[in-house]
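Trainee: If you count the sequence shown from 1, position 142 lands on 374 in our numbering, and the numbers rise without skipping.
One or more hints might be untrue.
Per label pair, the in silico range of CB-to-CB distance [claimed, not checked]:
{"#": "1", "residue 1": "Leu475", "residue 2": "Leu547", "range": "17 to 23 Å"}
{"#": "2", "residue 1": "Arg573", "residue 2": "Thr472", "range": "45 to 51 Å"}
{"#": "3", "residue 1": "Gly303", "residue 2": "Pro544", "range": "51 to 57 Å"}
Hints were generated in silico from the structure; no laboratory data involved. Since this is a predicted model, take the numbers as computed values, not measurements. Here a beta-carbon is modelled for each residue, glycine too, at the ideal position from N, C-alpha and C.
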Amino acid sequence: MQAVVGGPPCQAFSQVRNHARLIDDPRNSLYREFVRSISLLEPPVFLMENVPGLDQMGIRRQVLQDLSLRGAYRVNVQLLDAADFGVPQTRKRIVFIGIHESLGIEPPVIQGTYAVSALQLTRRNGARPTHYEIIEQRRAGEAPYMERLLDPTDASIVTAEQALGDLVSLRAGERRETLELSSLDEPRSRYQTVLREGAAFLANTSVPRINKDTLLRLAGVPHGGNFRDLSPELLSRYITGELWGPHNGSGRLGRKHFYAYRKLHPHFWSWTLNTKADSVYHYDGQRCLSVREFARLQSFPDRFVFTTDPRPGMLLGRIDGGAAHSRYRQVGNAVPPLLARAIAGALNVVLIRTGLRTG
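Model the full structure from these sequences, guided by the hints.
Mentor: Rendered as structure tokens:
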């Protein structure tokens, strides 16, 4: 046993108060099982990843104490952003790495590009129409992040357009689950070229329909914009009279829409995806994204196919929302592969250094 890796959910972390112990809460049974597994297996190296909310309210100290197993392990913690590891999406994860005390070395520090701390998408209100600019904050001696960001041959910092630019032919309402690679544009970036490797065809390319009200709102949102950029007339609940969704009685959009209508900026990475198709909209296509485009923004290679049980109706474990929602959920809940590779690489260096694994 060389390593134990896991991401146990900690459903009760936000309710921890005073001297309450995270590991004692019955809702955190999988977290408790992870700690127990380390104690039983005594691996030389372990990794636990989780959502950044786990870093709130003093929980970090509790987790470090639990995972150290009374000094048997040296444990460090890092907050990582996937966009610093070549993923075209900001997605934060907190990572705990433990090294057995007998190895006599400190846990590795995982190094990314640090582009997230140097580049920022900023809203400019002084001119009309409202627009968003990329601002670089660089100290003397630092790398020119803006040049790397906009360079399609540099796959270490990737924009939405560099990830999705060869899929611009997809259209809202098209129910085509597969496409031949020969029907697509040529790759427009190093990132697209790499992700296409090994794919015989492109799967999960169906795009959801979009209603007329949403089309009007998206037309009023600039690249990189969101709900805040909508004019007063576009805040009406039903603009065209086409009824959709539950009515909240106010005649206006409800609070749940405050983070909606987020349009990608072609020259910046994406917001964090969730499990729904409309968590972000295309930068030019006035449409939602396909599951394949979700996968591109998560850094899944094109050879991955996301599928569901083809049998109709409710099955054991099936979630509401149908097969399409299940596929978005699979991608949206995942850890980006490029981030996982960077973490695994750091662990591999430790194993090689200690002679537990050969190069």
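Trainee: A separate judgement is required for each hint: does it hold in the structure or not?
Mentor: So, going through the hints one by one against the coordinates:
1. Leu475 to Leu547: 17 to 23 Å: violated (31 Å)
2. Arg573 to Thr472: 45 to 51 Å: holds (46 Å)
3. Gly303 to Pro544: 51 to 57 Å: holds (55 Å)
The structure fails to meet hint 1 from the earlier list, while all remaining hints are met.
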